[in-house]
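*Asks:* Could you put together the complete structure from these sequences and hints?
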Amino acid sequence: MRNYRLEGSGTESLVMREAAQPEPKPHEIVVRVRATSLNRRDTMILNGTYPLPPRQGVVPLSDGAGEVVAVGAAVTRFAVGDRVTGSYFARWIDGRIHAGLVDQLGCTLDGMLAEYAVLDEQWAVRLPDHLDWQEAATLTCAGLTAWNAVTGAGIPKPGQWVLVIGSGGVSLFALQFAKLLGCHVAVVTSRGEKADRLRALGADLVISTPDMPQWGAAVRDQTGGIDLVVETGGPATFAQSLIASTLYGHIVLLTLQDAKGGSIQLPAALYQR
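Every letter in the sequence shown is one number past the one before it in my numbering, and letter 113, counting from 1, is 113.
Treat the hints with care, as some may be off.
[What the hints assert, rightly or not] DSS-like mimics (lysine-lysine), calculated; alpha carbons at most 30 Å apart, straight line:
no., residue 1, residue 2
1, Lys157, Lys179
2, Lys179, Lys194
3, Lys157, Lys194
[As the list claims (entries may be wrong)] Simulated restraints on C-beta separations:
no., residue 1, residue 2, range
4, Glu18, Thr43, 22 to 28 Å
5, Asp103, Ala217, 28 to 34 Å
6, Thr76, Thr43, 32 to 38 Å
7, Lys25, Gly159, 48 to 54 Å
8, Arg91, Pro158, 17 to 23 Å
9, Arg191, Thr151, 23 to 29 Å
10, Asp94, Ala200, 33 to 39 Å
11, Leu144, Gly48, 22 to 28 Å
12, Thr76, Leu242, 46 to 52 Å
In case anyone wonders, no lab produced these hints; they're calculated from the structure. C-beta: ideal position from N, C-alpha, C; glycine also.
*Replies:* Here is the structure:
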């Protein structure tokens, strides 16, 4: 079989290798990968800017979906033919996360950029029948990140305003989840050509940042203040998100870095909240 491995830092270190088709250990399953998706964290890992250092020679990508083609002798949760996806924090089953649970597929554990992936049975999730391979392959990182952002602390009520930063995978999921909750949604994007698509997905207000780089006050004036911000822009947008928010608004900060490596400097105490 073929897989890709990250054997250093940078795109030139991503190499395709030939390997024998894997055999599962007692608690493992072998998955024939049918679809994968690329997240920003994957490009950060590739470029050496991700906070968690990858394992040398790791198979990249956290997100993928496929069918089980072999199971270990002690596997009880899955059978050959089951449709599955992986789990981003593979060892985090429930409860609060801690340092012993930070292993991630495609970073410290082999991920999905392979014809066949090997997963502990506890690292896999069965797929519902209505999702095709491509849809399922987008959920592990972007989908769940957006879901937790919109339905976690500060969950918005119907009629309240949610601000989504950007038009990447997390942002598109957050837009749709917020609309399902009955919220109004504002989106700011640097890609003005995406405005029609964002409105088709339910956005009530779309602002193009090249046309209005200081957009915070305009968003606040047009919405009465944002109740929840799904903040994916980092230092490039954080200050404007604060300006756009109501006094009691929530900001779910999903990154401290921007694409150029700049970061938001927050007091250390905030990391404990």
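*Asks:* Within a Cα-Cα threshold of 30 Å, do lysine 157 and lysine 194 meet the stated pairing?
*Replies:* 27 Å, holds
*Asks:* Check the following: the C-beta atoms of lysine 25 and glycine 159 are separated by a distance inside 48 to 54 Å.
*Replies:* The hint (48 to 54 Å, Cβ to Cβ) holds, given that lysine 25 and glycine 159 are roughly 52 Å apart.
*Asks:* Given the proposed pairing of lysine 157 with lysine 179, does the C-alpha separation stay at or below 30 Å?
*Replies:* The hint holds at about 11 Å.
*Asks:* For the pair threonine 76 and threonine 43, does the Cβ-Cβ distance stay inside 32 to 38 Å?
*Replies:* 37 Å, holds
*Asks:* Are leucine 144 and glycine 48 spaced within 22 to 28 Å by their CB atoms?
*Replies:* At 25 Å between Cβs, range holds.
*Asks:* Given a hint of 17 to 23 Å, does the C-beta separation of arginine 91 and proline 158 actually sit inside it?
*Replies:* 36 Å, violated
*Asks:* Taking the CB of arginine 191 and the CB of threonine 151, does the distance hold inside 23 to 29 Å?
*Replies:* 26 Å, holds
*Asks:* Hint check: lysine 179 vs lysine 194, CA-CA at most 30 Å. Holds or violated?
*Replies:* 18 Å, holds
*Asks:* With respect to the beta-carbon atoms only, verify the hint that glutamate 18 and threonine 43 lie 22 to 28 Å apart.
*Replies:* The hinted range 22 to 28 Å holds for glutamate 18 and threonine 43, with Cβ atoms some 25 Å apart.
*Asks:* For the pair threonine 76 and leucine 242, does the Cβ-Cβ distance stay inside 46 to 52 Å?
*Replies:* Given about 49 Å between the Cβ atoms, the range holds.
*Asks:* Is the hinted range of 28 to 34 Å satisfied by the C-beta distance from aspartate 103 to alanine 217?
*Replies:* 43 Å Cβ-Cβ, so the 28 to 34 Å window is violated.
*Asks:* Does 33 to 39 Å hold as the CB distance between aspartate 94 and alanine 200, or does it fail?
*Replies:* 37 Å, holds
The structure does not agree with the numbered hints 5, 8 stated previously, though it agrees with the rest.
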